[in-house]
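K.L.:
Order-wise, the sequence lines are chains A and B.
According to the numbering used here, the stretch in the first sequence is residues 7 to 321, in order.
According to the numbering used here, the stretch in the second sequence is residues 7 to 321, in order.
Heads up, some of the hints might be wrong.
For identical chains, the list gives no copy identity; a pair is met inside one copy or between any two copies.
[Stated by the list, open to error] The calculated BS3-like cross-link candidates involving lysine-lysine, where the alpha carbons are at most 25 Å apart (straight line), are:
| no. | residue 1 | residue 2 |
| --- | --- | --- |
| 1 | Lys284 | Lys180 |
| 2 | Lys106 | Lys48 |
| 3 | Lys212 | Lys199 |
| 4 | Lys195 | Lys212 |
Just so you know, these hints were derived from the structure itself, not from any lab.
On a predicted model such as this, the values are computed, not experimentally measured, just so you know.
Protein chains: 2
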Amino acid sequence: MYIGVDIGGTKIAAGLVSNEGKIIKQKSCSTKAERPFEIVVKDIIALIREVSIEAPPEKLLGIGIGIPGIANKRTGRVHECVNLGWRDVPLKAVLEEEFKLPVYIENDASAAGLAEYSIGSLKGTTNSIMLTLGTGVGGSFIINNRIYSGTNGLASEVGHMVVGDNFYRCNCGKLGCLETFASALALIKYTTKLLEEEPDNQSPLKKYVCNPEEELNAKIIFDYAKTGDEIALRAVNRLVKFLSIGISNLIYTLDPEIIAIGGGVSRAGDYLIDLLNKEVEEVKIFKAVPSARLVLARLGSEAGIVGAAMLCRFN
Amino acid sequence: MYIGVDIGGTKIAAGLVSNEGKIIKQKSCSTKAERPFEIVVKDIIALIREVSIEAPPEKLLGIGIGIPGIANKRTGRVHECVNLGWRDVPLKAVLEEEFKLPVYIENDASAAGLAEYSIGSLKGTTNSIMLTLGTGVGGSFIINNRIYSGTNGLASEVGHMVVGDNFYRCNCGKLGCLETFASALALIKYTTKLLEEEPDNQSPLKKYVCNPEEELNAKIIFDYAKTGDEIALRAVNRLVKFLSIGISNLIYTLDPEIIAIGGGVSRAGDYLIDLLNKEVEEVKIFKAVPSARLVLARLGSEAGIVGAAMLCRFN
Numbered sequence: 007m008y009i010g011v012d013i014g015g016t017k018i019a020a021g022l023v024s025n026e027g028k029i030i031k032q033k034s035c036s037t038k039a040e041r042p043f044e045i046v047v048k049d050i051i052a053l054i055r056e057v058s059i060e061a062p063p064e065k066l067l068g069i070g071i072g073i074p075g076i077a078n079k080r081t082g083r084v085h086e087c088v089n090l091g092w093r094d095v096p097l098k099a100v101l102e103e104e105f106k107l108p109v110y111i112e113n114d115a116s117a118a119g120l121a122e123y124s125i126g127s128l129k130g131t132t133n134s135i136m137l138t139l140g141t142g143v144g145g146s147f148i149i150n151n152r153i154y155s156g157t158n159g160l161a162s163e164v165g166h167m168v169v170g171d172n173f174y175r176c177n178c179g180k181l182g183c184l185e186t187f188a189s190a191l192a193l194i195k196y197t198t199k200l201l202e203e204e205p206d207n208q209s210p211l212k213k214y215v216c217n218p219e220e221e222l223n224a225k226i227i228f229d230y231a232k233t234g235d236e237i238a239l240r241a242v243n244r245l246v247k248f249l250s251i252g253i254s255n256l257i258y259t260l261d262p263e264i265i266a267i268g269g270g271v272s273r274a275g276d277y278l279i280d281l282l283n284k285e286v287e288e289v290k291i292f293k294a295v296p297s298a299r300l301v302l303a304r305l306g307s308e309a310g311i312v313g314a315a316m317l318c319r320f321n
Numbered sequence: 007m008y009i010g011v012d013i014g015g016t017k018i019a020a021g022l023v024s025n026e027g028k029i030i031k032q033k034s035c036s037t038k039a040e041r042p043f044e045i046v047v048k049d050i051i052a053l054i055r056e057v058s059i060e061a062p063p064e065k066l067l068g069i070g071i072g073i074p075g076i077a078n079k080r081t082g083r084v085h086e087c088v089n090l091g092w093r094d095v096p097l098k099a100v101l102e103e104e105f106k107l108p109v110y111i112e113n114d115a116s117a118a119g120l121a122e123y124s125i126g127s128l129k130g131t132t133n134s135i136m137l138t139l140g141t142g143v144g145g146s147f148i149i150n151n152r153i154y155s156g157t158n159g160l161a162s163e164v165g166h167m168v169v170g171d172n173f174y175r176c177n178c179g180k181l182g183c184l185e186t187f188a189s190a191l192a193l194i195k196y197t198t199k200l201l202e203e204e205p206d207n208q209s210p211l212k213k214y215v216c217n218p219e220e221e222l223n224a225k226i227i228f229d230y231a232k233t234g235d236e237i238a239l240r241a242v243n244r245l246v247k248f249l250s251i252g253i254s255n256l257i258y259t260l261d262p263e264i265i266a267i268g269g270g271v272s273r274a275g276d277y278l279i280d281l282l283n284k285e286v287e288e289v290k291i292f293k294a295v296p297s298a299r300l301v302l303a304r305l306g307s308e309a310g311i312v313g314a315a316m317l318c319r320f321n
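Please construct the entire structure, taking both the sequences and the accompanying hints into account.
P.N.:
This is how it looks when you write it as structure tokens:
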């Protein structure tokens with residue numbers, strides 16, 4: 007069995023995971039990211055101890071960690087986690103010293119893709135991609151049955167693939183990043199922009215901009231699009247258009263067997279997949295050549311822990 | 007030693023190549039692509055016989071073919087070569103039957119990248135990319151020391167990565183493909199557009215649009231840009247801007263060690279590399295993390311034959 011730790015900006019979750027990817031026991035705590043690395047890592051150590059306390063030591067094969075940032079897999083040093091304020095910290099060395107077990111560190115989106123590859127929608131593939139459409143857009147590449155994270159850990163950062171011009175800048179400073187078109191936040195921003203530009207529009211979505219108590223989210227916008235609301239449809243169609251460009255770009259670069267769509271936006275379900283399939287088919291270049299199947303990701307919030315744990319198995 | 011065959015729309019070139027990638031003997035003939043596959047393949051067979059006639063049969067280890075299209079590497083069937091009018095033809099089977107040698111088929115841009123990987127600018131890398139900026143934009147990915155061509159042979163078609171909006175459609179039907187910004191043809195089209203839009207501009211490039219005898223090419227435009235000609239500079243800066251977006255997209259998907267730039271546009275030399283480095287640095291997200299080096303490709307027209315031959319070695 008393995009330990010999987012999913013470090014997020016607000017929560018750290020750890021789990022004891024069977025070799026087959028089943029969570030046996032899990033615990034979590036607040037990240038309190040304003041604290042220095044040396045203190046946060048003590049909480050991580052305590053969580054790992056808690057979840058592994060009943061595990062027979064000889065069966066515990068390793069610790070996998072998903073981080074919201076970039077790490078060097080060889081040295082195990084974390085290059086940068088903006089949300090945690092970490093820069094060049096020796097996470098692997100600290101944990102290996104503490105537990106005398108091999109420690110594997112990977113970007114959290116990549117780890118979530120590995121969970122899908124191990125027990126979810128990407129199982130059985132050789133080359134595949136998972137896109138996580140949440141607040142941002144995360145990517146995970148499986149190439150030749152392994153996570154592919156590139157030379158310096160920068161690979162699969164597909165949220166920052168530029169796919170066109172946009173009306174606001176990405177957090178990274180660039181204009182036109184996929185995540186400014188295809189994330190939940192992007193969908194909300196564009197819907198709000200439409201509602202503000204058309205004060206006479208009678209869309210029921212109006213209440214979400216007039217009333218600060220009603221919080222708009224991607225699910226609500228998709229639900230209204232399904233009922234035919236014009237503003238919601240325009241916003242969803244724009245997301246679909248640019249997400250399809252991103253997917254098409256990935257097909258003509260990595261040509262995977264499957265692209266799985268996860269994260270908050272994927273709660274729109276088959277409605278989203280159908281729209282995407284139609285649009286991707288339309289921009290297909292070689293009509294006679296088969297290309298990637300689009301599917302919904304299967305795992306939910308457990309993907310973080312399971313994927314991190316599976317780093318020990320597929321490294 | 008190996009046989010390498012480079013099949014182009016106008017010319018077919020074959021060579022006998024040493025295990026180290028040196029061309030020992032070469033021959034070529036016109037493709038005459040209007041003829042059916044069954045006839046063209048006879049010319050290919052004749053060329054292979056000619057270049058291999060003095061080679062000791064026991065030393066001849068295989069035949070590699072670069073095609074201007076998409077093939078299924080497992081079956082060896084060519085899915086589609088638009089310029090040759092080929093669709094679903096059994097190229098591998100025909101040649102293996104004829105020569106009783108293993109035959110490897112690959113996209114020509116991928117093969118050219120393999121030549122750079124074997125004896126040129128990408129030698130010694132594990133993960134690297136070659137971009138060929140010619141009439142179109144071709145790509146070649148080396149991943150884990152092998153050509154990566156994806157599930158269906160669609161990988162590394164980076165010329166069709168959409169990076170923005172453009173004023174004309176790509177041959178593939180899409181709007182905004184990298185090759186409509188960063189190919190030699192794209193540079194010529196945009197320069198011509200600027201000159202036509204500004205009939206009063208005194209740029210010496212004007213003679214190329216007024217006089218059909220003077221043919222404009224990428225080299226001329228770059229040479230004028232180096233002298234400070236304003237029209238040429240604007241055209242070159244636009245190419246650099248969008249090519250940098252494409253390169254940045256590749257860094258945040260594949261994160262290679264090196265990206266080599268070849269093809270006609272690369273004759274602009276270090277001038278182009280310096281402009282690209284500056285622009286790519288500007289859109290860099292994780293400033294503290296090293297990313298791909300940009301270099302000029304080293305091989306010229308021999309890359310086609312050498313790369314095809316090397317398919318036998320790195321398969």
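K.L.:
All hints are to be evaluated individually against the structure, with a verdict given for each.
P.N.:
Results of checking the hints against the structure:
With identical chains, the CA atoms of Lys284 and Lys180 are at most 25 Å apart between copies only, with a shortest distance of 15 Å across copies and 29 Å within one. In this assembly of identical chains, the alpha carbons of Lys106 and Lys48 lie at most 25 Å apart only when taken from the same copy (16 Å versus 65 Å across copies). Within a single copy, Lys212 and Lys199 get their C-alpha atoms as close as 11 Å, which meets the 25 Å cut-off; across copies the closest is 44 Å, which misses it. When the C-alpha separation of Lys195 and Lys212 is checked against a cutoff of 25 Å, the pair qualifies only within one copy, where the shortest distance is 13 Å, while the shortest distance between copies is 46 Å.
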